[in-house]
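Whole structure, please, built from the sequences with the hints as guidance.
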Amino acid sequence: MAEQDDDKTEEPTAKRREESREKGQLGKSQDLSAAIVVGLAVLALYVWGGRIAAFHFGAAHQLLGNFSTLELNQENIEAQTEAAFWYVLDGMFPFLLLLFLAAIVANVSQIGLLITFKTMAPDFGKINPIKGLKNKFSLKTLVLGMMNVTKSILIAWVSYLVLSAYWGSLFHLTGQDVRQSSALFFEVFFALAFFIVLTMLLLALADFLYQRWQNVQSMKMTKQEVRDEMKNMDGDPKIKQKRRQIQLQMSKQRMMKDVKDADVVITNPTHFSIAVKYDEATMRAPIVVAKGADLLALRIREIAKDQGIPLVEDKPLARALYKVVEVGDAIPQKLYKAVAEILAYVYQMKNDRRSKASR
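Take the sequence shown: its letters are residues 1 to 359, numbered as in this note's numbering.
It is possible that part of the hints are untrue.
[Claimed, not checked] Computed list of lysine-lysine pairs in DSBU-like fashion (alpha-carbon distance at most 35 Å, straight line):
| id | residue 1 | residue 2 |
| --- | --- | --- |
| 1 | Lys-28 | Lys-15 |
| 2 | Lys-350 | Lys-257 |
| 3 | Lys-15 | Lys-350 |
| 4 | Lys-223 | Lys-305 |
| 5 | Lys-240 | Lys-28 |
| 6 | Lys-260 | Lys-231 |
| 7 | Lys-28 | Lys-223 |
What the hints contain is simulated information worked out from the structure, not anything from laboratory work. Since we're looking at a predicted model, the values are computed, not measured.
Spelled out as C-alpha coordinates, the structure:
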(Lines of atoms letter the chains of each structure in order from A and count residues from 1; the text may use other names and numbers.)
(Lines give C-alpha, C1' and ligand atoms only; values in the text may rest on other atoms or scores of the structure.)
Protein backbone atom coordinates (compact mmCIF):
# COMPACT_ATOMS: atom_id res chain seq x y z
CA MET A 1 0.00 0.00 0.00
CA ALA A 2 1.49 3.35 -1.04
CA GLU A 3 2.46 5.77 1.67
CA GLN A 4 0.37 8.95 1.77
CA ASP A 5 1.25 12.49 2.92
CA ASP A 6 -0.03 11.62 6.38
CA ASP A 7 2.77 9.03 6.62
CA LYS A 8 5.53 11.63 6.37
CA THR A 9 7.02 10.82 9.76
CA GLU A 10 10.73 10.85 8.87
CA GLU A 11 12.96 13.83 9.56
CA PRO A 12 14.11 15.59 6.37
CA THR A 13 17.50 14.52 5.06
CA ALA A 14 20.34 16.95 4.37
CA LYS A 15 19.56 16.71 0.65
CA ARG A 16 15.89 17.54 1.20
CA ARG A 17 16.87 20.52 3.39
CA GLU A 18 19.30 21.75 0.74
CA GLU A 19 16.70 21.46 -2.03
CA SER A 20 14.16 23.30 0.10
CA ARG A 21 16.66 26.07 0.78
CA GLU A 22 17.47 26.43 -2.93
CA LYS A 23 13.74 26.87 -3.61
CA GLY A 24 13.54 29.62 -1.01
CA GLN A 25 11.34 27.53 1.29
CA LEU A 26 12.79 28.64 4.61
CA GLY A 27 11.62 28.99 8.17
CA LYS A 28 11.82 32.77 8.24
CA SER A 29 9.72 35.23 10.22
CA GLN A 30 8.83 38.49 8.48
CA ASP A 31 7.62 39.79 11.84
CA LEU A 32 11.08 39.35 13.37
CA SER A 33 12.73 41.31 10.56
CA ALA A 34 10.12 44.06 10.89
CA ALA A 35 10.48 44.20 14.69
CA ILE A 36 14.28 44.54 14.43
CA VAL A 37 14.03 47.32 11.83
CA VAL A 38 11.35 49.22 13.77
CA GLY A 39 13.32 48.80 17.00
CA LEU A 40 16.48 50.22 15.45
CA ALA A 41 14.47 53.07 13.91
CA VAL A 42 13.08 54.00 17.33
CA LEU A 43 16.55 53.74 18.89
CA ALA A 44 18.05 55.91 16.14
CA LEU A 45 15.32 58.53 16.61
CA TYR A 46 15.93 58.50 20.37
CA VAL A 47 19.67 59.07 19.89
CA TRP A 48 19.69 61.33 16.83
CA GLY A 49 16.12 62.62 16.75
CA GLY A 50 17.09 66.06 18.05
CA ARG A 51 19.80 66.45 15.42
CA ILE A 52 17.52 65.26 12.64
CA ALA A 53 14.78 67.69 13.70
CA ALA A 54 17.25 70.59 13.96
CA PHE A 55 18.62 69.71 10.53
CA HIS A 56 15.18 69.80 8.94
CA PHE A 57 14.18 73.00 10.74
CA GLY A 58 17.36 74.54 9.38
CA ALA A 59 16.49 73.37 5.89
CA ALA A 60 12.97 74.82 6.16
CA HIS A 61 14.33 78.12 7.52
CA GLN A 62 16.83 78.39 4.67
CA LEU A 63 14.16 77.60 2.08
CA LEU A 64 11.77 80.22 3.46
CA GLY A 65 14.59 82.74 3.72
CA ASN A 66 15.54 82.21 0.10
CA PHE A 67 11.94 82.64 -0.99
CA SER A 68 11.76 85.97 0.86
CA THR A 69 14.75 87.39 -1.02
CA LEU A 70 14.17 85.93 -4.46
CA GLU A 71 11.68 86.83 -7.11
CA LEU A 72 8.80 84.34 -6.91
CA ASN A 73 8.73 82.83 -10.36
CA GLN A 74 8.44 79.25 -11.51
CA GLU A 75 12.17 78.85 -12.17
CA ASN A 76 13.23 80.06 -8.70
CA ILE A 77 10.55 78.02 -6.94
CA GLU A 78 11.61 74.82 -8.76
CA ALA A 79 15.31 75.45 -8.07
CA GLN A 80 14.80 76.13 -4.36
CA THR A 81 12.45 73.16 -3.94
CA GLU A 82 14.96 70.82 -5.61
CA ALA A 83 17.80 72.18 -3.45
CA ALA A 84 15.72 71.69 -0.29
CA PHE A 85 14.83 68.12 -1.35
CA TRP A 86 18.46 67.10 -1.81
CA TYR A 87 19.42 68.89 1.41
CA VAL A 88 16.82 66.94 3.40
CA LEU A 89 17.71 63.67 1.65
CA ASP A 90 21.38 64.22 2.49
CA GLY A 91 20.47 64.67 6.16
CA MET A 92 18.25 61.57 6.19
CA PHE A 93 20.67 59.34 4.27
CA PRO A 94 22.57 57.92 7.32
CA PHE A 95 19.25 57.12 9.01
CA LEU A 96 17.85 55.41 5.90
CA LEU A 97 21.13 53.53 5.33
CA LEU A 98 20.98 52.21 8.91
CA LEU A 99 17.47 50.87 8.36
CA PHE A 100 18.49 49.29 5.04
CA LEU A 101 21.46 47.51 6.61
CA ALA A 102 19.30 46.45 9.57
CA ALA A 103 16.79 44.83 7.20
CA ILE A 104 19.59 42.88 5.49
CA VAL A 105 21.14 41.76 8.78
CA ALA A 106 17.73 40.75 10.18
CA ASN A 107 17.10 38.45 7.22
CA VAL A 108 20.64 37.04 6.95
CA SER A 109 20.70 36.27 10.68
CA GLN A 110 17.64 34.04 10.23
CA ILE A 111 18.49 32.10 7.07
CA GLY A 112 22.13 32.91 6.30
CA LEU A 113 23.33 34.32 3.00
CA LEU A 114 21.17 32.94 0.19
CA ILE A 115 21.00 33.97 -3.47
CA THR A 116 18.44 32.05 -5.50
CA PHE A 117 16.30 32.83 -8.51
CA LYS A 118 14.02 29.82 -8.21
CA THR A 119 11.46 31.83 -6.24
CA MET A 120 11.11 34.13 -9.28
CA ALA A 121 10.20 31.27 -11.61
CA PRO A 122 6.48 31.19 -12.58
CA ASP A 123 4.41 28.70 -10.61
CA PHE A 124 1.06 28.15 -12.30
CA GLY A 125 -0.02 25.96 -9.41
CA LYS A 126 -0.40 29.10 -7.32
CA ILE A 127 -3.22 30.37 -9.53
CA ASN A 128 -5.14 27.11 -9.28
CA PRO A 129 -8.53 28.18 -7.81
CA ILE A 130 -9.18 24.81 -6.13
CA LYS A 131 -5.74 24.77 -4.50
CA GLY A 132 -6.17 28.41 -3.49
CA LEU A 133 -9.52 27.64 -1.85
CA LYS A 134 -7.94 24.75 0.09
CA ASN A 135 -5.15 27.02 1.30
CA LYS A 136 -7.65 29.60 2.57
CA PHE A 137 -9.29 27.04 4.82
CA SER A 138 -6.13 25.12 5.81
CA LEU A 139 -4.90 24.69 9.38
CA LYS A 140 -1.87 26.84 8.61
CA THR A 141 -4.07 29.75 7.49
CA LEU A 142 -6.22 29.38 10.61
CA VAL A 143 -3.17 29.43 12.89
CA LEU A 144 -1.70 32.47 11.14
CA GLY A 145 -5.03 34.27 11.39
CA MET A 146 -5.29 33.56 15.11
CA MET A 147 -1.70 34.72 15.61
CA ASN A 148 -2.38 38.01 13.79
CA VAL A 149 -5.47 38.65 15.92
CA THR A 150 -3.50 37.85 19.08
CA LYS A 151 -0.71 40.23 18.01
CA SER A 152 -3.17 43.07 17.42
CA ILE A 153 -4.88 42.52 20.79
CA LEU A 154 -1.60 42.39 22.71
CA ILE A 155 -0.18 45.51 21.04
CA ALA A 156 -3.44 47.40 21.67
CA TRP A 157 -3.43 46.25 25.32
CA VAL A 158 0.22 47.31 25.81
CA SER A 159 -0.55 50.70 24.19
CA TYR A 160 -3.50 51.18 26.53
CA LEU A 161 -1.39 50.38 29.61
CA VAL A 162 1.33 52.84 28.57
CA LEU A 163 -1.07 55.65 27.69
CA SER A 164 -3.11 55.11 30.85
CA ALA A 165 0.00 55.90 32.89
CA TYR A 166 0.11 59.35 31.22
CA TRP A 167 -3.65 60.18 31.24
CA GLY A 168 -3.33 62.81 33.95
CA SER A 169 -0.37 64.56 32.31
CA LEU A 170 -1.99 64.49 28.88
CA PHE A 171 -5.23 66.07 30.18
CA HIS A 172 -3.24 69.04 31.53
CA LEU A 173 -1.19 69.41 28.33
CA THR A 174 -3.08 72.52 27.15
CA GLY A 175 -2.03 74.45 30.26
CA GLN A 176 1.70 74.02 29.64
CA ASP A 177 4.08 75.98 27.42
CA VAL A 178 5.40 74.66 24.12
CA ARG A 179 8.69 73.37 25.58
CA GLN A 180 6.98 71.40 28.36
CA SER A 181 4.36 70.07 25.96
CA SER A 182 7.05 68.95 23.50
CA ALA A 183 9.06 67.21 26.25
CA LEU A 184 5.95 65.38 27.47
CA PHE A 185 4.97 64.44 23.92
CA PHE A 186 8.38 62.89 23.19
CA GLU A 187 8.42 61.10 26.56
CA VAL A 188 5.04 59.51 25.83
CA PHE A 189 6.03 58.73 22.24
CA PHE A 190 9.27 56.92 23.15
CA ALA A 191 7.69 55.09 26.10
CA LEU A 192 4.89 53.87 23.84
CA ALA A 193 7.35 52.98 21.06
CA PHE A 194 9.65 51.10 23.47
CA PHE A 195 6.94 48.85 24.87
CA ILE A 196 5.33 48.27 21.47
CA VAL A 197 8.71 47.27 19.97
CA LEU A 198 9.41 45.01 22.97
CA THR A 199 6.04 43.32 22.47
CA MET A 200 6.70 43.00 18.74
CA LEU A 201 10.07 41.36 19.40
CA LEU A 202 8.62 38.80 21.83
CA LEU A 203 5.80 37.95 19.44
CA ALA A 204 8.24 37.82 16.52
CA LEU A 205 10.51 35.37 18.36
CA ALA A 206 7.51 33.11 18.95
CA ASP A 207 6.59 33.44 15.28
CA PHE A 208 10.18 32.65 14.24
CA LEU A 209 10.18 29.44 16.29
CA TYR A 210 6.80 28.47 14.82
CA GLN A 211 7.97 29.17 11.26
CA ARG A 212 11.09 27.04 11.78
CA TRP A 213 8.99 24.20 13.19
CA GLN A 214 6.40 24.48 10.43
CA ASN A 215 9.12 24.50 7.76
CA VAL A 216 10.63 21.29 9.15
CA GLN A 217 7.18 19.70 9.22
CA SER A 218 6.63 20.60 5.56
CA MET A 219 9.94 18.96 4.60
CA LYS A 220 9.27 15.66 6.40
CA MET A 221 9.47 12.55 4.26
CA THR A 222 7.90 9.14 4.03
CA LYS A 223 10.01 6.04 4.65
CA GLN A 224 9.83 5.25 0.93
CA GLU A 225 11.10 8.72 0.00
CA VAL A 226 14.07 8.25 2.33
CA ARG A 227 14.86 4.86 0.81
CA ASP A 228 14.58 6.22 -2.75
CA GLU A 229 16.85 9.13 -1.91
CA MET A 230 19.48 6.84 -0.40
CA LYS A 231 19.43 4.70 -3.57
CA ASN A 232 19.91 7.77 -5.75
CA MET A 233 22.71 9.07 -3.54
CA ASP A 234 24.56 5.75 -3.67
CA GLY A 235 24.77 6.09 -7.44
CA ASP A 236 25.73 9.77 -7.43
CA PRO A 237 29.42 10.22 -8.42
CA LYS A 238 29.62 13.45 -6.42
CA ILE A 239 28.40 11.69 -3.29
CA LYS A 240 30.88 8.87 -3.81
CA GLN A 241 33.70 11.35 -4.28
CA LYS A 242 32.63 13.20 -1.15
CA ARG A 243 32.62 9.95 0.81
CA ARG A 244 36.09 9.08 -0.44
CA GLN A 245 37.32 12.50 0.62
CA ILE A 246 35.84 12.07 4.09
CA GLN A 247 37.31 8.59 4.41
CA LEU A 248 40.71 9.84 3.28
CA GLN A 249 40.55 12.71 5.76
CA MET A 250 39.62 10.36 8.61
CA SER A 251 42.43 8.01 7.58
CA LYS A 252 44.93 10.87 7.68
CA GLN A 253 43.71 11.92 11.12
CA ARG A 254 44.12 8.37 12.47
CA MET A 255 47.54 8.13 10.85
CA MET A 256 48.70 11.40 12.44
CA LYS A 257 47.53 10.09 15.80
CA ASP A 258 49.52 6.85 15.31
CA VAL A 259 52.73 8.81 14.64
CA LYS A 260 52.98 9.43 18.39
CA ASP A 261 53.43 5.67 18.95
CA ALA A 262 56.25 5.30 16.40
CA ASP A 263 59.82 4.36 17.39
CA VAL A 264 61.50 6.20 14.52
CA VAL A 265 60.67 8.34 11.48
CA ILE A 266 62.74 7.63 8.37
CA THR A 267 63.03 10.67 6.09
CA ASN A 268 64.12 11.59 2.57
CA PRO A 269 64.76 14.17 4.29
CA THR A 270 62.06 16.55 2.91
CA HIS A 271 59.91 14.72 0.35
CA PHE A 272 59.02 11.55 2.27
CA SER A 273 58.48 10.62 5.91
CA ILE A 274 57.76 7.05 7.10
CA ALA A 275 56.93 6.38 10.77
CA VAL A 276 57.92 2.86 11.90
CA LYS A 277 56.95 1.03 15.08
CA TYR A 278 58.21 -2.28 16.46
CA ASP A 279 57.10 -4.20 19.54
CA GLU A 280 59.11 -7.40 19.97
CA ALA A 281 56.43 -8.96 22.20
CA THR A 282 53.51 -8.53 19.79
CA MET A 283 54.99 -8.06 16.30
CA ARG A 284 56.84 -10.40 13.97
CA ALA A 285 58.29 -7.47 12.05
CA PRO A 286 58.24 -3.66 12.26
CA ILE A 287 55.18 -1.99 10.75
CA VAL A 288 54.60 1.36 9.05
CA VAL A 289 52.16 3.35 11.19
CA ALA A 290 52.21 6.49 9.01
CA LYS A 291 53.68 7.75 5.79
CA GLY A 292 53.40 10.88 3.72
CA ALA A 293 54.89 13.02 0.97
CA ASP A 294 55.64 16.75 0.89
CA LEU A 295 53.25 18.62 3.24
CA LEU A 296 52.05 15.44 4.91
CA ALA A 297 55.68 14.38 5.35
CA LEU A 298 56.40 17.72 6.98
CA ARG A 299 53.47 17.27 9.36
CA ILE A 300 54.73 13.79 10.35
CA ARG A 301 58.18 15.23 11.10
CA GLU A 302 56.66 18.05 13.18
CA ILE A 303 54.67 15.58 15.31
CA ALA A 304 57.77 13.39 15.71
CA LYS A 305 59.81 16.35 16.95
CA ASP A 306 57.07 17.35 19.40
CA GLN A 307 56.93 13.79 20.77
CA GLY A 308 60.72 13.33 20.92
CA ILE A 309 60.70 10.58 18.27
CA PRO A 310 64.07 10.25 16.47
CA LEU A 311 64.33 11.34 12.83
CA VAL A 312 66.75 9.29 10.72
CA GLU A 313 67.65 10.38 7.20
CA ASP A 314 67.96 7.55 4.65
CA LYS A 315 66.89 8.64 1.17
CA PRO A 316 66.86 5.26 -0.66
CA LEU A 317 65.12 3.47 2.20
CA ALA A 318 62.53 6.24 2.65
CA ARG A 319 61.65 6.17 -1.07
CA ALA A 320 61.42 2.38 -1.10
CA LEU A 321 59.22 2.21 2.02
CA TYR A 322 56.90 4.90 0.64
CA LYS A 323 56.46 2.99 -2.65
CA VAL A 324 56.04 -0.61 -1.49
CA VAL A 325 54.62 -0.52 2.06
CA GLU A 326 51.08 0.62 2.93
CA VAL A 327 50.14 2.07 6.32
CA GLY A 328 49.52 -0.77 8.77
CA ASP A 329 51.58 -3.31 6.81
CA ALA A 330 54.76 -5.02 8.00
CA ILE A 331 58.16 -4.23 6.53
CA PRO A 332 58.87 -6.65 3.62
CA GLN A 333 61.76 -9.07 3.95
CA LYS A 334 63.96 -7.30 1.38
CA LEU A 335 63.87 -4.07 3.45
CA TYR A 336 63.84 -5.67 6.87
CA LYS A 337 67.63 -5.61 7.36
CA ALA A 338 67.91 -1.88 6.60
CA VAL A 339 65.03 -1.02 8.93
CA ALA A 340 66.39 -3.32 11.65
CA GLU A 341 69.75 -1.52 11.55
CA ILE A 342 68.00 1.84 12.00
CA LEU A 343 65.90 0.49 14.90
CA ALA A 344 69.02 -0.96 16.52
CA TYR A 345 70.70 2.43 16.20
CA VAL A 346 67.67 4.19 17.75
CA TYR A 347 67.45 1.72 20.64
CA GLN A 348 71.19 2.09 21.31
CA MET A 349 70.79 5.87 21.34
CA LYS A 350 67.91 5.62 23.85
CA ASN A 351 69.93 3.28 26.08
CA ASP A 352 72.88 5.69 26.04
CA ARG A 353 70.58 8.52 27.14
CA ARG A 354 69.17 6.44 29.99
CA SER A 355 72.67 5.50 31.14
CA LYS A 356 73.74 9.12 31.19
CA ALA A 357 70.55 10.14 33.03
CA SER A 358 71.05 7.48 35.71
CA ARG A 359 74.60 8.59 36.53
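Against the structure, the hints:
1. Of the supplied pair hints, the one linking Lys-28 and Lys-15 holds, its CA atoms being roughly 19 Å apart against a limit of 35 Å.
2. With a C-alpha separation of about 22 Å, the suggested pairing of Lys-350 with Lys-257 holds against the 35 Å cut-off.
3. Restraint check for Lys-15 and Lys-350: not satisfied, since their Cα atoms lie roughly 55 Å apart, outside the 35 Å limit.
4. Under the criterion of a C-alpha separation no larger than 35 Å, the hint pairing Lys-223 with Lys-305 is inconsistent with the structure, at around 52 Å.
5. Our distance criterion of 35 Å between C-alpha atoms is met by Lys-240 and Lys-28, whose separation comes to about 33 Å.
6. Annotation: proposed proximity of Lys-260 to Lys-231 is violated, straight-line Cα distance about 40 Å (limit 35 Å).
7. Note on Lys-28 and Lys-223: the hinted pairing holds, with a Cα-Cα distance of about 27 Å set against a maximum of 35 Å.
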